Amino acid sequence: MEQTEFLALIDRHQGIIHKVCRLYRDTREDQEDLFQEIVYQLWRSLPSFVGTAKFTTWMYRIALNTAMATHRKNKPQLVSGDSLPERADEDGDAERQHREEKMFAALKQLDDPEKALIALYLDDLSYREIAELTGLTENHVGVKLNRIKTKVKKILNIN
Amino acid sequence: MELDELKSDWKNLTPDTKTGDALFQMIQRNSHPVLKGIRRQLVIETALFTVFLLVYYSGFNGDQKPLYTNVLLVTAMLLVIGHNILGYLAAQNIVAGSDLKVSLENYLVKVRRYAIVSVSSRAAAFICLILFFSSTVTFSSGKLLVLLGMLLVIPVQVFFLSRIWKKRIGNLKAMLKQLVEK
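These protein sequence lines are chains A and B, in that order.
First residue of the first sequence? That's 1 in UniProt numbering, and the numbers climb one at a time after it.
First residue of the second sequence? That's 1 in UniProt numbering, and the numbers climb one at a time after it.
Read the hints as simulated data drawn from the structure, not as lab findings.
Worth double-checking, as some hints may not be accurate.
Capping the alpha-carbon separation at 20 Å, the derived lysine to aspartate or glutamate pairs in DMTMM-like fashion look like this [stated by the list, open to error]: (1) Lys-108(A) with Glu-2(B); (2) Lys-149(A) with Asp-4(B); (3) Lys-182(B) with Asp-112(A); (4) Lys-151(A) with Glu-5(B); (5) Lys-36(B) with Glu-29(A).
Note that this is a predicted model, so its numbers are computed, not measured.
Only chain B is shown next, with the shape it has when bound in the complex (with noise of 0.2 Å):
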């Protein structure tokens, strides 16, 4: 096959056509796939968190706590309602810029602010809810392993996390490179 026949073949390739109907769907938001995940994602643990909120109080004995600890509690259900908020927001605006160049590294800036997001936010809101549970513990040795053990989860979640990131960050990297070498 030569390139004049590879022409003529790519301009003449027969699509599986999609309907009006079809196309109409797509341009809504609440039928795209990936829109749609998040927004279940952010539903359910919403709302699992107001009902924790709502009962922790008494149930975890939330009035005998140190207020901080509450505070904690609070700002780490919101760091990760927050963290769903900034994904939704990111999927919806992928083209950013007014050629390809300019809008792959627009959105390799946006990734890599979204990855330092994700990762210290999801590590914060687990140091919130350790320091709350453990605030008025009377730390025996074995309890201390306890919340040693679930210290170390910390730095093992962050570097899983980072990992992901870090794969994604340098695949976009490296297309980059690749655009625009000589």
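The following block holds chain A by itself, in its conformation from the complex (with noise of 0.2 Å):
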């Protein structure tokens, strides 16, 4: 695959990354390096990219990868109530923004592996592709899923 390829299906998919950012970092410093730092090892490794897989299912694979084994720099900031809407009023959307804000509120609380799980959950990848990008079983992933889905729930509920 050439560059001008590759770039253009990151700048198509480059959504799977964001949500991987926020998912996995608190401050928007750290979720700017993670995204850069995710771009780039995707770039390191299209040669592994064989074509077996949907392009989308091997950039969810890389950016997890690279979200769970590189170590966070910052510690969380506590937002003051003037920065959060920021994004708000750029969008003019406080409604949804504020659903986005308690939605990553919520995963926020699950563990690093769980978060890989139910991000790929969300986006509608099957058992067999979440087994496969993750090396579990498609039987271990739909026990852990089951697990993960009635904790986030509980989560939703309370908060």
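Two chains, each in its own frame: build the complex with the hints.
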């Protein structure tokens, strides 16, 4: 695959990287650093993409791998009332912003492997695809996902 | 909020889109934040060591010291530079496996190896430096105490460095355990 084709695909599917960054890092600075690291690792790992899996599945694997292996530089910062609505102001959609914040607040209470599994589930990957991507068996994925879904429901209801 | 709503929100998440130019910059080695930092450290340390090696022979009486101490001094410098190069290479290759589990296992092995190299090379470099500077010293009890104090720095340095690596390795092991446990 040529560089231009690769960049076009990353451009089209960059939402995956954004989701992984927001899920695994707390500060904007850390999220930006992780975004760059993931794009770099995707480029370096491109020879390993043989086309048997979907490009987006492969992207998810490299992105999750990078997020989990690299360590966080900054400790989570408390977000002040002034800076929270920043994105909402840009988008003019406070309700959506609130839902996003609530969703990430819930998902961030999971441990790192749980975050990976729920992200893949939420993006509608099949159990077989999740199993191939993670290296777990389909049955194992099913058991873990059931547990994670119960956990997430509980967190959402508490909040 | 129910799981279906969560799924819908997840899929409809609107990212702060990066431009094609920004993405192009991100695949360049020169703009990688971690690699840039290691490279800067590598250049500065290598330059300082090179200057030091050029002047130590006359400046620190290298010509009057035994050959083995000169070899040790150069070895100390090379160990530190070698350690930085290994770090640079390791930071480039994070993903190494056909799936998440295998890749994280391989990465753990790599981090363990690098931790051993990191701790031992720093300690060895320090020992080499002490041996070089103390090789022609006639020791009085005061000087012996100073030497003892300097030697005590080594286990302290090893302790703190090991603690940092142990924490990092522990986190990776815990994450792998969480991934595979039923």
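Quick rundown of the hints versus the structure:
no. : hint                       : verdict
1   : Lys-108(A) with Glu-2(B)   : 17 Å, holds
2   : Lys-149(A) with Asp-4(B)   : 11 Å, holds
3   : Lys-182(B) with Asp-112(A) : 15 Å, holds
4   : Lys-151(A) with Glu-5(B)   : 16 Å, holds
5   : Lys-36(B) with Glu-29(A)   : 17 Å, holds
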